[in-house]
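Enquirer: So the chains spell out like this:
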Amino acid sequence: MKDPKLDQDIANLPREIEPQRDLWPEIEARLEARLEARLEARPGTPADMPPHRTPLSDMRCRPRRRLGGRTWLGGSALAMAASVLLYVGTQQLPGPADHAHAVDHATEDSRTSEAPKHTEHIGSPTGSIDLSTAGTTVSGSRGWQAEYETAAGLLEAIFDDRRLALAPTVVALMDDNLTLVDTAISQTRHALASSPQDAQLLALMHDAYQGKLDLLDQATSLPE
Amino acid sequence: MFKHTSIVSPLRTICVVGTLVGTLAGALLACPTRALARPIQQSIPAKQALDVQAVSTDIKIVGAQTDMITVRGELPDDWKLELQNRGERTQIDVSPGKRSRRSSRTATLTITVPLGSSVRAKTVSGDVDISHVSGNLELASVSGDIRAGSGGAEAKLKTVSGDILVASNSARLHVKSVSGDIEVTGARGVFEAKTISGEVHVSNATLTRADLTSTSGDVWFEGALTLAGPHQFKSHSGDLELVLQRGKPVDISASSRSGSVEDRFHKRHYKGRDTPRFSLGSGGPSVELRTFSGDVTIRPH
Numbered sequence: 001m002k003d004p005k006l007d008q009d010i011a012n013l014p015r016e017i018e019p020q021r022d023l024w025p026e027i028e029a030r031l032e033a034r035l036e037a038r039l040e041a042r043p044g045t046p047a048d049m050p051p052h053r054t055p056l057s058d059m060r061c062r063p064r065r066r067l068g069g070r071t072w073l074g075g076s077a078l079a080m081a082a083s084v085l086l087y088v089g090t091q092q093l094p095g096p097a098d099h100a101h102a103v104d105h106a107t108e109d110s111r112t113s114e115a116p117k118h119t120e121h122i123g124s125p126t127g128s129i130d131l132s133t134a135g136t137t138v139s140g141s142r143g144w145q146a147e148y149e150t151a152a153g154l155l156e157a158i159f160d161d162r163r164l165a166l167a168p169t170v171v172a173l174m175d176d177n178l179t180l181v182d183t184a185i186s187q188t189r190h191a192l193a194s195s196p197q198d199a200q201l202l203a204l205m206h207d208a209y210q211g212k213l214d215l216l217d218q219a220t221s222l223p224e
Numbered sequence: 001m002f003k004h005t006s007i008v009s010p011l012r013t014i015c016v017v018g019t020l021v022g023t024l025a026g027a028l029l030a031c032p033t034r035a036l037a038r039p040i041q042q043s044i045p046a047k048q049a050l051d052v053q054a055v056s057t058d059i060k061i062v063g064a065q066t067d068m069i070t071v072r073g074e075l076p077d078d079w080k081l082e083l084q085n086r087g088e089r090t091q092i093d094v095s096p097g098k099r100s101r102r103s104s105r106t107a108t109l110t111i112t113v114p115l116g117s118s119v120r121a122k123t124v125s126g127d128v129d130i131s132h133v134s135g136n137l138e139l140a141s142v143s144g145d146i147r148a149g150s151g152g153a154e155a156k157l158k159t160v161s162g163d164i165l166v167a168s169n170s171a172r173l174h175v176k177s178v179s180g181d182i183e184v185t186g187a188r189g190v191f192e193a194k195t196i197s198g199e200v201h202v203s204n205a206t207l208t209r210a211d212l213t214s215t216s217g218d219v220w221f222e223g224a225l226t227l228a229g230p231h232q233f234k235s236h237s238g239d240l241e242l243v244l245q246r247g248k249p250v251d252i253s254a255s256s257r258s259g260s261v262e263d264r265f266h267k268r269h270y271k272g273r274d275t276p277r278f279s280l281g282s283g284g285p286s287v288e289l290r291t292f293s294g295d296v297t298i299r300p301h
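Order-wise, the sequence lines are chains G and A. Residue numbering for the first sequence is 1 to 224, as defined by this note's numbering. Residue numbering for the second sequence is 1 to 301, as defined by this note's numbering.
Among these hints, one or two may not hold up.
Said to hold, decoys possible - In silico SDA-like links for lysine to any residue, alpha-carbon gap of 25 Å or less:
| id | chain 1 | residue 1 | chain 2 | residue 2 |
| --- | --- | --- | --- | --- |
| 1 | A | LYS98 | G | ARG162 |
| 2 | A | LYS271 | G | HIS190 |
| 3 | A | LYS271 | G | SER195 |
| 4 | A | LYS80 | G | ALA165 |
| 5 | A | LYS271 | G | GLN197 |
| 6 | A | LYS98 | G | PRO168 |
| 7 | A | LYS60 | G | GLU224 |
| 8 | A | LYS156 | G | VAL171 |
| 9 | A | LYS271 | G | LEU192 |
| 10 | A | LYS98 | G | ARG163 |
| 11 | A | LYS271 | G | ARG162 |
| 12 | A | LYS271 | G | PRO196 |
| 13 | A | LYS80 | G | LEU192 |
| 14 | A | LYS47 | A | ASP127 |
| 15 | A | LYS80 | G | LEU166 |
| 16 | A | LYS98 | G | ASP176 |
| 17 | A | LYS98 | G | GLU224 |
Since the hints were made in silico from the structure, they are not lab data.
Model the full structure from these sequences, guided by the hints.
Expert: Structure, rendered in structure tokens:
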């Protein structure tokens, strides 16, 4: 049944509503707590790795075959994951706009050049993000970080639902690698706190989040 | 005394019989594949594209001058292989029997296809090996390795813990793993590689566009980067090394938050938060290397 007044009221509603307060601190606190819980659950993984390179032997985790017979595809999970990733991929999420702050160390026999602009990622199944339209500060990046976290949270929920159906070795491997990307995100976030204008750090943050989405994309489409 | 003996004797019998039954069951479970495998050989007129879907199956696909698709190999006795044409695709499904679903039984298949076929193959714990096929490829395995010795316009290869080894001239190559290493020789055109904890090793490449990423693994590249670009090499905690030919121009931007950047072309070494930029020649493509805590090295071939 058509109600013109109701239609009018709906048409008059605002298209966007600004939150009444800054939600990011709470989101960030929850993310930190989640990461710490995961790290605590996996003994031997440092909660906050120092900013030097972790030995490869410590970082890598690769259970080898055979995983046993499993059937292919959780169709609905795959569809949901694809939807989420398509959504994130089509967003124009901010990142570093330029590298103007970067120190130029052109040598006598080399010439100064413009830093390469980020344009797009090549054919990623998780979509691409145009960094040339990006914001340059932590506060400006909070929006796209929240977008990434929302997408990652949805995918993690799908993965969590499928844990019991997957081979334990595969679940352990995924968890170990999720810990790696979460650690990368955490380290970059801490560095950004002291250098909020650092475009390279923002780009690294983008890389880390993109890695997490790619990983979760694979995790949610694993055969059972 | 008498009573004691009468109790011990049946117990001893139970123990002996139990041990024998256990040993026999263990032997049967330990090597069922060899004992119960059966050879198979089936053929069907080929369609343009081939889909293969399997579980614990090593799959070898070989292109040949033929208009048939032929499947040879060994399957455990209770496994089922379906080979059929559906529309424009030939489909091969390998499904384990009920007895095999929780065991470590495996199958091996060798599939001969026409040279120009496009191939999509998925397995869980088996290897995928493909050669002499010039169509598009889409190959995936969870814990098995993927080896591609050929490929058409586009190839997409994906594993979780398996390694990926490619000697391909596909114009567009997309490779992804979680912890498996990626090793590519002779890549041409657009090349994208992503891994979390695996290493990326690329040699003898000529790329119009490169995007090589690892979270904790090293990235090593040797070859030429052509003008189209941009070219990106990234790792969070792994090292990045570029081996480039002298005389091929490139504009390089390199950064490492806590590692070092070494430019061996100009014998320069940077440490700290600087982002050195330098060029080799003039008018070259943009090349960006960035890592959080790894080291960056750019050196001549």
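Enquirer: Could you tell me which of the numbered hints above are not met by this structure, giving the numbers in increasing order?
Expert: 11, 13, 16
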